[in-house]
Amino acid sequence: MSGGAIRTAARPVAADGAVSFLRRQWPWLAALAFAVVVPWFSYDWSTGRHSGFIVSMLSQIGISIVFALSYNMLMGQAGLLSFGHAVFLGLGGYVTAHVLNATKGGAVPLPLELTPLAGALGGLGFAIVLGYFATKQRATAFAMITLGIGELITSCALMFQTFFGGEGGVSTNRMTGHSLFGLGYGAPIHVYYLIVAWTALSVAGMLFLTRTPLGRMANATRDNFERAQFVGYDPRMVRFFQFALSGLFAGIAGALYTLTYEIVTYDTVAGPMSANALLMTYIGGVGVFAGPVVGAVLIVLLQSWVSLLSNSWLVYAGVLFILMVTFAPMGLTGLVLMHQPIWRAGRMGRLVGPYLRLLVPALLVVLGFVLAVELCSFLTIGAAQGKSFTLSRITIDPRGAGAWLVAGLLLVGGGLCLRAAMRGFGVAWSAVTEDVKRAEVRA
Amino acid sequence: MCEEAPLMEVLLVSLLNGLVYGMLLFMLASGLTLIFSMMGVLNFAHASMYMLGAYFAYSVSRVIGFWPALVIAPILCGVLGALIEMYALRRVHRNGHIAELLFTVGLAFIIEKGVQMAWGLLPVPYRVPPVLDRALFHIYGSNFHAYRGFMFLISVLMFVAIWLLLTRTRIGLVIQAALTHPEMVGALGHNVPRVFTIVFAGGSVLAGLAGVIGGNYLVTEPSMAATMGPIVFVVVVFGGLGSLAGCFVASLIMGLVQTYAVVLDVSFADLLARLGLHVTSATPLAEVLTMPLPRVGALLPYLMLILVLLLKPRGLMGTRDT
Chain A
1 MSGGAIRTAA RPVAADGAVS FLRRQWPWLA ALAFAVVVPW FSYDWSTGRH SGFIVSMLSQ
61 IGISIVFALS YNMLMGQAGL LSFGHAVFLG LGGYVTAHVL NATKGGAVPL PLELTPLAGA
121 LGGLGFAIVL GYFATKQRAT AFAMITLGIG ELITSCALMF QTFFGGEGGV STNRMTGHSL
181 FGLGYGAPIH VYYLIVAWTA LSVAGMLFLT RTPLGRMANA TRDNFERAQF VGYDPRMVRF
241 FQFALSGLFA GIAGALYTLT YEIVTYDTVA GPMSANALLM TYIGGVGVFA GPVVGAVLIV
301 LLQSWVSLLS NSWLVYAGVL FILMVTFAPM GLTGLVLMHQ PIWRAGRMGR LVGPYLRLLV
361 PALLVVLGFV LAVELCSFLT IGAAQGKSFT LSRITIDPRG AGAWLVAGLL LVGGGLCLRA
421 AMRGFGVAWS AVTEDVKRAE VRA
Chain B
1 MCEEAPLMEV LLVSLLNGLV YGMLLFMLAS GLTLIFSMMG VLNFAHASMY MLGAYFAYSV
61 SRVIGFWPAL VIAPILCGVL GALIEMYALR RVHRNGHIAE LLFTVGLAFI IEKGVQMAWG
121 LLPVPYRVPP VLDRALFHIY GSNFHAYRGF MFLISVLMFV AIWLLLTRTR IGLVIQAALT
181 HPEMVGALGH NVPRVFTIVF AGGSVLAGLA GVIGGNYLVT EPSMAATMGP IVFVVVVFGG
241 LGSLAGCFVA SLIMGLVQTY AVVLDVSFAD LLARLGLHVT SATPLAEVLT MPLPRVGALL
301 PYLMLILVLL LKPRGLMGTR DT
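Listed in order, the protein sequences are those of chains A and B. With this note's numbering, the residue at position 246 of the first sequence is 246, and numbering never jumps. With this note's numbering, the residue at position 123 of the second sequence is 123, and numbering never jumps.
Don't read these hints as lab results, they were simulated from the structure. Each hint can be trusted.
Restraint-style ranges between C-beta atoms, simulated for each label pair: (1) L309(A) - G120(B): 14 to 22 Å; (2) S59(B) - L359(A): 32 to 40 Å; (3) Y355(A) - A177(B): 43 to 51 Å; (4) L359(A) - V156(B): 56 to 64 Å; (5) G189(B) - G415(A): 34 to 42 Å; (6) G172(B) - L323(A): 34 to 42 Å; (7) R438(A) - I75(B): 49 to 57 Å; (8) V441(A) - G189(B): 35 to 43 Å; (9) A177(B) - L158(A): 39 to 47 Å; (10) Q176(B) - P213(A): 42 to 50 Å; (11) A197(A) - M86(B): 50 to 58 Å; (12) Y355(A) - G120(B): 34 to 42 Å; (13) H181(B) - F53(A): 57 to 65 Å; (14) F133(A) - L272(B): 24 to 32 Å.
For every residue, glycine included, the Cβ atom is placed at its ideal position computed from N, Cα and C.
Work the whole structure out from these sequences, hints included.
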C-alpha cells in the first residue's frame, strides 16, 4: 500500500496520485475493509457480543499473515529456506510479555497500542545476532544452521527460567491501563482491531521493502548470487539485512500473539511453529507477494474448522503440502496466475468443461481418502480416547469391513477416473495455451 | 566431581555405551551421507525410515518373533524407500532442490502422523528378545547388557558389509565415483537414476535396520524420528560430504559426546570454583553458569551443527562444502 503511496506522493498532482493508488492497490484496501467489517457478521445483537470463536480465528489469521509474509521475505524473495523462523516470533513474543509486565509494574509507561514495537525490536535484535551467523552460509547449509538455531533456542526456552519461564512460559496481562485511546483492551474485539491495524502496517511495510533496492537485490542473489557479486553487492550483506528485517516483522507477529493469548511458552519458538510458516507460505505460493496471505488465511481456516471436525487435520495439511510440492511448486497463487494469459485472451470458457470433468473424480478421491484416514484414526487414536465415529447420527464401526471397502472403492475407482480426466485436461490445456500463444504471435 | 576410582568406572562404562550408540548412529548416518552426497538432497525422511523400521519390527515380532523381524522390517523399509525414490522424488526433482528437500520434510511429517494413526500416540512395548535380555559381562560391578553387545556386533557386521560392497563390487565403485562426481558418472554411460534408486533403497534398509535394533534399546514412539533426525544431520555434516570414513568417525565422536554429557555432572560454576571464582545467585548469568552438563547435553549436537557449518562447512573429511 504505502509503496504506491510513497511513489505517488512525489507526483505534483495529488488527485491523479490518489486515483492511481486506488487503481493499483484496490485489492489490499478491499481486504482491509473486509477485515474491519467481518467480525460484525457474527455479532449477536441480543447479547451484544461477538462470537468468540470467530474473533479469535480472525486474530489468528492476522498474526499468521504477518508471520507468513515475514517468512516469505526469506524464502520467496531471498531464496533462503529457514527451518527456525519461529525463533523470532517467539522471542518477539517473550520480549513483549516482559515489556507488558514491566508496564503493569509502572516501570515503562508504554501505551498498549505501541507494544508491538517492543516485539519488533526484540525480533530485530535477535535476528541481527543469530542472523550474523546464519547468513554466512546459503542454500542447504543455511537451512541447517537455522534448524540448529531453532532447536537450540527451543532447548534454551525449556531450560532457563529468568527469561523464558521454563516449561510454564511467561504469563502477562494486556490490561496495563496505558492506552493512546483510553481503551481497556479487555474484550478480544479490541485486540482484534489492534491486530488489523498492525497487520495492515506490516503488510504495507513488507510490500514497500520489496520495491527498495534491498528487496530487488534479495531477488538478484536468490536467482544468481554470483552475478549479484559481479554487480558489486555482497550477497552475504543482502542476506543479512533481509534476515534482520524479516526477524523484525516476525517479532511484530510474536507481539500480536502475546497480546492475543497473554502467555508465551516454548511452543512459540519450537519446530512446529516454524513448520507452520513454511506450510502457509508454500501452499499460498512463494512467487507472489500476496501468496503467503492466501496461505495464512487458508491454513488458519483449515486449522479452525477441520480441527473441530477431525483429529487428523495435520494429516490433511501435510498431504496438501506434499501435493503442492510435487505438482504445483508455485503454490495456489501460482496456479491462479497460470490462467492469466488465457483469461486475458478470453479463452477461459474452453477450460470450464475439462475442469468440471476433473471435479467429480477429484471429489471422489478426496472423499475416499478422508474416509480412509478417519477410519484409521478412529481405530487407534479415537479408540484410545473412547470416541466413536458418527456421521450425521449414523455410527460407523471402523472395525467392520464395509466402511473400509467403500473407502477403498472410492480411492481406486476415483483415482482411475481422475487419471483419465487428467489426461483429457492436459490435452485441453495444451490446446488452449497453444492457441493463446499463436494469437499473441499474430497480434 | 567424583573420586578417582568411580570416575574411571564411569568413564569406561560410558566408553562402551558411547561406542554402541555411535555405531547405531553410523548405521543411520551412513545411508544419509550416501544419499546426501550423491543426490545433493538432505533427506529429512531418513530418520522416519528408522522409526518405521522399529514399528515394523514391533508388529512383525509380535507375530513371528524378533529374528525374522530383523530381516523383514529393513526389507520393508528398503522397498518403501525404492518406491519413494522412483515414483515421487524423481518427479519432484524437476521442481528443483528446495522442492525436493521440502518433499522429504512433508514426507517425514506424513510418516509421523501415519505412525500415530496406525500404532497410537503412546510408545509401543517393543522389547529386547529374552535370549539377549541378560548381562553379558560385569565391569566394575555394573552389568554390560548382552543386547548392547548384539547391537555392536550387528553394526560391525554392517560396517564390514558396506565396506566390501563399496570397494569390491562394480556397483560399489560406481557409487563411490558418483559420491564425488555424479555428473561424470552419468556422462560415462552409467544408469545414474538406477544407482540413485539403489542407494536410496539401501540407505532406507540401513535406517530400518537401525530402527529394528535401536527401537527396543531406546523407545519406540512417534517422536523418535524427530529426536533422532537432527542428531543424524549433525553427524553427516560433521563427517563431511562424500566421506563414509568421516561419517564413521563423526558417529563415534557424537555417540561418545552424548553419552559423556549425560554422566559427567559438572557445570561452568564448578570449573570456575576450581579457579577460585565462586558463582552465587547474584553473579550475572548465574543461571547459565550453574546449569549442569547433563541438562546442557541436549544442546550440544545443535551447537556442534552450527559451529561446524560456520567454521568448517567441509566437515572432518569431506571432499566438498555442504
